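If you want the building blocks of each chain, they are given just below.
There are 2 protein chains.
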Amino acid sequence: MSNFPTDIEIAQNATLVHIKDIAAKIGVSNDDLEYYGKYKAKLPFHLQNENPQGKLILVTAMSPTKFGEGKTTMTIGLVDGLNSIGKKAIAVLREPSLGPVFGLKGGATGGGYSQVIPMEDINLHFTGDFSAIEKANNLLSAIIDNNLQNPKHSLNLDPKSIAWKRVMDMNDRALRQIIIGVGGKANGTMREDGFNITPASEVMAILCLSKDLEDLKIRLGNIFIGKTFDGKAIFARDLKVVGAMAVLLKEAIKPNLVQTLEGNPAILHGGPFASIAQGTNSIIATKTGLSLSDFVVTEAGFGADLGAEKFFHIKCGQSNLKPNAVVIVATIRAIKLHSGLGENELKTTNVLAINKGFCNLEKHIENIQKFGINPVVCINSFPEDTEDEYNEVKKLCLTKGVHAVTNTSFVDGGIGSVELAQKVLDEIDNTQNKFKPLYNYSDSIEQKIKTIASEIYGADSVEFSTKSRTQLKMINELGFNEFSICMAKTPASFSDNEKLIGRPTHFTVTVREFEIASGARFIIPLLGDVMRMPGLPAVPNSERIDIDNNGKIIGLS
Amino acid sequence: MSNFPTDIEIAQNATLVHIKDIAAKIGVSNDDLEYYGKYKAKLPFHLQNENPQGKLILVTAMSPTKFGEGKTTMTIGLVDGLNSIGKKAIAVLREPSLGPVFGLKGGATGGGYSQVIPMEDINLHFTGDFSAIEKANNLLSAIIDNNLQNPKHSLNLDPKSIAWKRVMDMNDRALRQIIIGVGGKANGTMREDGFNITPASEVMAILCLSKDLEDLKIRLGNIFIGKTFDGKAIFARDLKVVGAMAVLLKEAIKPNLVQTLEGNPAILHGGPFASIAQGTNSIIATKTGLSLSDFVVTEAGFGADLGAEKFFHIKCGQSNLKPNAVVIVATIRAIKLHSGLGENELKTTNVLAINKGFCNLEKHIENIQKFGINPVVCINSFPEDTEDEYNEVKKLCLTKGVHAVTNTSFVDGGIGSVELAQKVLDEIDNTQNKFKPLYNYSDSIEQKIKTIASEIYGADSVEFSTKSRTQLKMINELGFNEFSICMAKTPASFSDNEKLIGRPTHFTVTVREFEIASGARFIIPLLGDVMRMPGLPAVPNSERIDIDNNGKIIGLS
Chain A
1 MSNFPTDIEI AQNATLVHIK DIAAKIGVSN DDLEYYGKYK AKLPFHLQNE NPQGKLILVT
61 AMSPTKFGEG KTTMTIGLVD GLNSIGKKAI AVLREPSLGP VFGLKGGATG GGYSQVIPME
121 DINLHFTGDF SAIEKANNLL SAIIDNNLQN PKHSLNLDPK SIAWKRVMDM NDRALRQIII
181 GVGGKANGTM REDGFNITPA SEVMAILCLS KDLEDLKIRL GNIFIGKTFD GKAIFARDLK
241 VVGAMAVLLK EAIKPNLVQT LEGNPAILHG GPFASIAQGT NSIIATKTGL SLSDFVVTEA
301 GFGADLGAEK FFHIKCGQSN LKPNAVVIVA TIRAIKLHSG LGENELKTTN VLAINKGFCN
361 LEKHIENIQK FGINPVVCIN SFPEDTEDEY NEVKKLCLTK GVHAVTNTSF VDGGIGSVEL
421 AQKVLDEIDN TQNKFKPLYN YSDSIEQKIK TIASEIYGAD SVEFSTKSRT QLKMINELGF
481 NEFSICMAKT PASFSDNEKL IGRPTHFTVT VREFEIASGA RFIIPLLGDV MRMPGLPAVP
541 NSERIDIDNN GKIIGLS
Chain B
1 MSNFPTDIEI AQNATLVHIK DIAAKIGVSN DDLEYYGKYK AKLPFHLQNE NPQGKLILVT
61 AMSPTKFGEG KTTMTIGLVD GLNSIGKKAI AVLREPSLGP VFGLKGGATG GGYSQVIPME
121 DINLHFTGDF SAIEKANNLL SAIIDNNLQN PKHSLNLDPK SIAWKRVMDM NDRALRQIII
181 GVGGKANGTM REDGFNITPA SEVMAILCLS KDLEDLKIRL GNIFIGKTFD GKAIFARDLK
241 VVGAMAVLLK EAIKPNLVQT LEGNPAILHG GPFASIAQGT NSIIATKTGL SLSDFVVTEA
301 GFGADLGAEK FFHIKCGQSN LKPNAVVIVA TIRAIKLHSG LGENELKTTN VLAINKGFCN
361 LEKHIENIQK FGINPVVCIN SFPEDTEDEY NEVKKLCLTK GVHAVTNTSF VDGGIGSVEL
421 AQKVLDEIDN TQNKFKPLYN YSDSIEQKIK TIASEIYGAD SVEFSTKSRT QLKMINELGF
481 NEFSICMAKT PASFSDNEKL IGRPTHFTVT VREFEIASGA RFIIPLLGDV MRMPGLPAVP
541 NSERIDIDNN GKIIGLS
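Just so you know, the sequences run in chain order A and B.
Just so you know, we're using UniProt numbering here: the first sequence kicks off at 1 and counts up by one.
Just so you know, we're using UniProt numbering here: the second sequence kicks off at 1 and counts up by one.
These are computed hints drawn from the structure, not numbers from a lab.
Just so you know, not all the hints are guaranteed correct.
As the list claims (entries may be wrong) - Here chain A is said to cover these stretches of chain B; the calculated rule only asks that three of the stretch's residues, wherever they fall, bring their Cβ under 8 Å from a Cβ of chain A: (1) 16–26; (2) 140–146; (3) 205–214; (4) 531–539.
As the list claims (entries may be wrong) - A partial selection of chain A residues facing chain B, derived with a Cβ cut-off under 8 Å: (5) Tyr36; (6) Asn138; (7) Ile178; (8) Lys356; (9) Ser542.
Remember, predicted model here, so these are calculated numbers, not experimental data.
Even for Gly, the Cβ is constructed at its ideal location relative to N, Cα and C.
Excised from the complex, chain A in its bound form (with noise of 0.2 Å):
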């Protein structure tokens, strides 16, 4: 693999359908595209279904390791492969986020010969979506502290009570905690303020969860602010601006149209991080990928126990959709450092390793079964893997009732993914497939977080900070207490404590505080030292970016 091209390598040297022909294989006209360059367009809301027939497909994965288990990539590849086979399928993903692109991961648009393209575009401004959530955000954060500011015209709001940030789409530190308002009256009012990476902003998981623009609407007004000096709840709505945040939202609750290197189509929308935010794309862009084509495969991460189990608890239990399939990617390589191996010991055949480390793999498989759904596992191949490693995994995720199966769409796109699709009409067609949710919505917020903490995660017992047990009081007087859950956790680990790796037994979770998301109806408890505002690294991606005078990029992975 040595002479094997880049992602972006591959990407530029694609060819491109125009935008307008991919559309026409899902029977969409030209009329109804809003183009944004010849490569990208925004589709209509009148596309989707209210009840759509297409079946749904998960993409989710065993806990990753930095490297990355190339969820995106099997997700691609499972697209063009099901075409491949002559099945009408379209991928339906969240969009990428500028932090990673910039930061250590890169950007999120797949890789090696199953990508979507414009991959450039697609993870650098893309259609603005992202642009439009962040200035939607901040004018709520601006109108806040204008309140504060002008006595007239104030609600009485307490300050030191307001639970609403500001976002950025970048990864930045530190802007995580600040002090805003400094140097005088003409400045605004003195107080903590803080910054969330843009894919963590609540608007964000509005926009991913509303049925259209009324919906949005409704949902930004319940935006939860804070308190006045006397008790009362103050709402988004109370301030007079859900209307101007629904204009900068007018095109990006639209879902966007591209098309994997195979020519097939993609709708991408809405944005990722199930670590730290809901992190799947939009209901309207599922439903409307649903209504377009026969199969639509999506993807949730990083693993299950984030992706897989947000996507069930709160997409689809705030829409009527239901998965009839789900994937687990795995690598040995992760298997293997499941297994405790260190990173320098990945190279050589070890089977025992793969026994060993199959503990992590497994519990996300129990995981998904729990649901009602029995789950394919698709191991994403790399050269230095063996057929006895390969064998070693299939013969334990048979143990579990499970197929497994190997994937080359990396190396040889669509038809890599062929058995995998094979497998996964396999069990669409099992009548035993009866996806249920784990926790009751009327359970309280406590007991549902300890649903997910002991059957998902493995925890003897959830502890919780005395912040955190203040502020439950809190939302339990605020009403909140049927809104689902968005656990915001390391993905390293199915504890709270990345170092836990494998199959961790015997541990406590703690959560630190709450993050309340009323407009989006789901309450965030922060577990362990997880922040919804990542750092860069030491030396991060963005130094090895670069443009050259006729535009062509380097460096974007």
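On the provided structure of chain A, position chain B as indicated by the hints.
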């Protein structure tokens, strides 16, 4: 005028021409367009000639009141007027900022029957240029703080020396002065920072002053960051972030094509606010316009003391552009206000007040004449104006050797600008007009500031605060002496005190502090109490903005 439609009503009722047909009018082929929907397109670089043959007409204004004098409306009217008498003319304007859209002033797409459209899109995110500029600016900030965080990769930058600020396209006073990096080691290095509004970003100025991608990268690299603990100057190039910033700007640096209500071409590109920034559209856009058309009408505001002065010294100084004619926009209302009348005294005819308030317009006329150009005065017509008042202005202008004409383009579109168009054509043919700058670039920074203050503002002297004196010393040591001056000052007065209306004399202006823009090659003296991040009014315009369930917007202006 009680039933006269609002700007947004006129814009929403307009029949838009497909952008490819607008492009065809200026000889641009469909293949050269990158569509953003049907009515907006990016233009490629290759359309601009290094020495284009078109004539350049600058529209500026007398010192504006809080009502605005309709400079953009007159600019667009003049383009439609020139086209209506058979001339090939194009509008080349800056893009609007979201700050005023949600603040007090509203958007910046003209008004009445002289607008550029699609008005809503242009006033909102448009083609994403401002968001891209904001991201490039803030990526640099994140990289600076990341450098402070990682001792092994550190440049030994002194946090107290950092001169680079973050930006947000929002009126948000609470972000003017902030403390970042609060909360311990994981959250970065605690230090003072602040946000400017995005049009005030040096990245905006660099984009507007760059010749091409290569020039853009050189300028980005030249951005001054601060000093190491041992006194060495650090630039953006030292942080290895220039390539990534340029990648973020790869689309933003391309000019945007839209249309006027009368279907004439308009190029919008770059940032506003000559009060606190360079504040006019990009050199690339102007040269593209001059290459595609016989006449380019462009604008620089607020008043000529800011907009025109910077246009001549910064934009023309850094390119081979020379204005062929200058229009000064005035209103009867503004002249009356500069006479000292109150806001409730404007509705009755008052020739004496015109005579008294003319002093403001007179000084602007004299200033333009100092640059070697005899201006035309354009009186933006309002229903309450009278012929006696118009005649008084015209008579007074003639004493300065200048023609004044009324203009009804707000109500009548292009036809209302025909007389103006003819006077402007006369001045272009006037061989006496020979543009020359007012200061020598080799003068000291201090001297150049004094020249502007005495020659343009009419000040007796310039005071420098202790802080600004220290900064001036550093600016000299850094070798930035030959840079231009980009004044930041209230637009309401020739002085730095907004209360000194009319034509103040015997006053002093005070340089409070400096900001450095070494990539843009100018130094920014902050006069009086001017801020580069505006605040919202007590009742912001955002409260009036809404969108219905069908996507129809109200309240944008």
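Hint by hint, here is what the structure shows:
1. 16–26: violated (count 0)
2. 140–146: holds (count 5)
3. 205–214: holds (count 3)
4. 531–539: Contact hint for the stretch 531–539 of chain B vs chain A: holds, 5 residues under 8 Å.
5. Tyr36: 6 Å, holds
6. Asn138: Since the shortest Cβ distance to chain B is 6 Å, the answer is holds.
7. Ile178: 5 Å, holds
8. Lys356: 33 Å, violated
9. Ser542: Because about 4 Å separates A:Ser542 from the closest Cβ in chain B, which is inside the 8 Å limit, the hint holds.
Hint compliance for this structure: hints 1 and 8 are not met, and every other hint is.
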